[in-house]
Amino acid sequence: MPKFSSLSLEARMCGIAMLLLQTRGQKGNNVKLIIATIKPFKLEDVRAALTEAGVRGMMVSEIKGFGAQSGHTEIYRGAEYTVNFVPKIKLEIVVAAAMVDQVIETIQKTANTGKIGDGKIFVLDVAQAMRVRTGEMNEDAL
Amino acid sequence: MRLTTLSLAALVAALPSLGFAQEVDETPLNADIGFIFTTFMFLVTGFLVFWMAAGFAMLEAGLVRGKNVTMQLMKNVALFSLASIFYYLIGYNLMYPGDGWSIDGILGAFSPASLEPVGLADTEADLTYASVGSDFFFQLMFCAATASIVSGAMAERVKLWPFLIFTVLLTSVIYPIQASWKWGGGFLNEMGFLDFAGSTVVHSVGGWAALTGAIILGPRIGKYKDGRTVPMPGSNLTLATLGTFILWMGWFGFNGGSQLYMDTAGNVADISRIFSNTNLAAAGGALAALILTQVLYKKPDLTMVLNGALAGLVSITAEPLTPSLGASVLIGAIGGVIVVFAVPMLDRFKIDDVVGAIPVHLLAGIWGTLAVCLTNSDASFLTQLISIIVVGAFVVVASAVVWLVLKGLMGLRVSEEAEITGLDMTELGMEAYPEFSNG
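As you go down the protein sequences, you meet chains Y and Z in turn. Sequential numbering from 1 applies to the first sequence in the working numbering. Sequential numbering from 143 applies to the second sequence in the working numbering.
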């Protein structure tokens, strides 16, 4: 398959038009949202591995929650108390559908400690994506 | 060579007298030197004890929740100011009546404090001790420290004004009367009660008043639920640690100054002995709490270690002079152990002491007062015990009367809503950390 830039102008226009038609025709598009919760101390490793894998952006939030790990007890001035919510980091990464498998595999490998509480990964369809600066849509917006 | 040096030295020494032969020799008389040094010592140790007010303020600001920090700081600065003024108006002469007892050995004199005239003009000043100004300044700081102890135990729920009225009565009447019994030369002193710098006279008095207040006031909302203690972690352990170190430093003045004389080599050596012992007792208390919380709870508790250091200091306060360095470590360490067990014990009785004032000042104060017998052969266990009970009973009854009257007249607690919202916004309308608030 020839490189896109080596094609004639007509061919390029034709290709883009076909792509637009294709996109219009589909119900969704090829952009996915990956939500991952990880242990806070793993954030830097995961960020580095994802950048390596070609991810060009992510959203990071400090959250609290509980899952299989549930809470644990601590002692303050001799009084025991339960910590019901455990601090986690939530990553939100929007990528082209083709990258999803690689991204979730990378997160799973780097965030894994083998102990309970390593987190979860969810993949969702994204109905639309737009780059604010240029108005580019969907995969082009990433 | 030696001869030359000697004659040079003699020449230099002789020069001033040669040059100023016509002027009056202004070298202080030997009799004045003791007065000068002791007065100077009271001023230096007095401002060290003053600085403990900052220590209490920081410790308490750090151990209350963020929504009550401004109020806690307000109480600390107000109580210190009130203590200063009322100790001047009533407290000082009630505590040190000299020969002017109203009831001999029990109730001192009622008159405001007054100082020597400027430059000791036209007086036959007694130069065997220190200036009245320095003594008043030094003793006032002890009175203010007693009041500071109470604010921490009753934090986060007591109304500002009833608390301040209690402070007035504590610093003008309750503290000076019982202190006159020992330090004013009253009946406990006659009995042979020993309390060097105030494990009982200052610390357990503050502790008894705090205990009585905390019981009458009741715990913070939500502190004890379904038979369990709910921790309410402090807002700033950095400040709590700074406050503890400030108190630790102030204590050198507190105990060192209580030597009361710096006019002989023996007294100066004793003051240095007291500084060293005081420091080691604090270290012993902190390490005991560190090790004990590690063993008991698997994780060491900083707030307990801070309390442990203070308990070590309170423990050595009744006798910081006679113990050896090693004995000081042990006396302080037992204070630290007392704190670690007493904090959860008070919680079991549902006595909510926000900063640990009762274990630190009352219980370690009692221990320190009894521990005098270990190293000072002049002490009698029975006399120490009786004195603890007499002072305790007086302070508990007097405080209880004041607290209950205030409760009846104006109420002690803020409303439930104000307590949950936080005293900073509801009582003062300003916050210590506005950038971190919800509203």
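These are calculated hints, taken from the structure and not from any lab test. Misleading hints may appear alongside valid ones.
With a Cα cut of at most 27 Å, we get these calculated DSSO-like pairs of lysine-lysine [what the hints assert, rightly or not]:
no.	chain 1	residue 1	chain 2	residue 2
1	Y	Lys64	Z	Lys367
2	Y	Lys109	Y	Lys32
3	Y	Lys64	Y	Lys42
4	Z	Lys365	Y	Lys64
5	Y	Lys39	Z	Lys365
6	Z	Lys549	Y	Lys64
7	Z	Lys549	Z	Lys440
Computed list of chain Z residues with no C-beta within reach of chain Y, every gap over 12 Å [as the list claims (entries may be wrong)]:
no.	residue
8	Leu224
9	Thr371
10	Val372
11	Pro373
12	Pro375
13	Tyr403
14	Asp495
15	Leu527
16	Lys549
17	Thr563
18	Met572
Backbone N, C-alpha and C define an ideal beta-carbon position, used for all residues, glycine too.
Hints, one by one, checked against the model:
1. Proximity of lysine 64 of chain Y to lysine 367 of chain Z is assessed by CA-CA distance (about 24 Å); at most 27 Å being required, the pair is judged to hold.
2. Distance restraint check for lysine 109 of chain Y and lysine 32 of chain Y: the Cα-Cα separation of roughly 20 Å lies within the 27 Å cut-off, and the hinted pair is therefore satisfied.
3. Restraint check for lysine 64 of chain Y and lysine 42 of chain Y: the C-alpha separation of about 15 Å stays at or below 27 Å, so the hint holds.
4. Restraint check for lysine 365 of chain Z and lysine 64 of chain Y: satisfied, since their Cα atoms lie roughly 24 Å apart, inside the 27 Å limit.
5. Restraint check for lysine 39 of chain Y and lysine 365 of chain Z: not satisfied, since their Cα atoms lie roughly 31 Å apart, outside the 27 Å limit.
6. Of the supplied pair hints, the one linking lysine 549 of chain Z and lysine 64 of chain Y is violated, its CA atoms being roughly 42 Å apart against a limit of 27 Å.
7. Between lysine 549 of chain Z and lysine 440 of chain Z the alpha-carbon distance is near 42 Å, which puts this suggested pair outside the 27 Å criterion.
8. Listed as outside the interface, leucine 224 of chain Z is consistent with that label: its C-beta sits roughly 30 Å from the nearest C-beta of chain Y, beyond the 12 Å cut-off.
9. Residue-level check failed: threonine 371 of chain Z sits 4 Å from the nearest beta carbon of chain Y, not beyond 12 Å.
10. Not every CB of chain Y is more than 12 Å from the CB of valine 372 of chain Z (nearest about 7 Å), against its label as outside the interface.
11. Residue placement check: proline 373 of chain Z does not keep its beta carbon more than 12 Å from all beta carbons of chain Y (closest about 4 Å).
12. A beta-carbon of chain Y comes within 12 Å of the beta-carbon of proline 375 of chain Z; the shortest separation is about 6 Å.
13. Non-interface status of tyrosine 403 of chain Z relative to chain Y is upheld: no Cβ of that chain comes within 12 Å, the nearest being about 41 Å off.
14. Chain Y draws aspartate 495 of chain Z into its interface by the beta-carbon criterion, the shortest separation being 10 Å against a cut-off of 12 Å.
15. Its beta-carbon lying about 28 Å from the closest one in chain Y, leucine 527 of chain Z satisfies the requirement of being farther than 12 Å from that chain.
16. The claim that lysine 549 of chain Z is not at the interface with chain Y holds, since no C-beta of that chain comes within 12 Å of its own (minimum 27 Å).
17. At roughly 23 Å, the least C-beta separation between threonine 563 of chain Z and chain Y is larger than 12 Å, which holds for a residue marked as non-interface.
18. In this structure methionine 572 of chain Z is separated from chain Y by more than 12 Å, as the shortest Cβ-Cβ distance comes to about 28 Å.
Checked against the numbered hints given earlier, the structure breaks hints 5, 6, 7, 9, 10, 11, 12 and 14 and satisfies all the rest.
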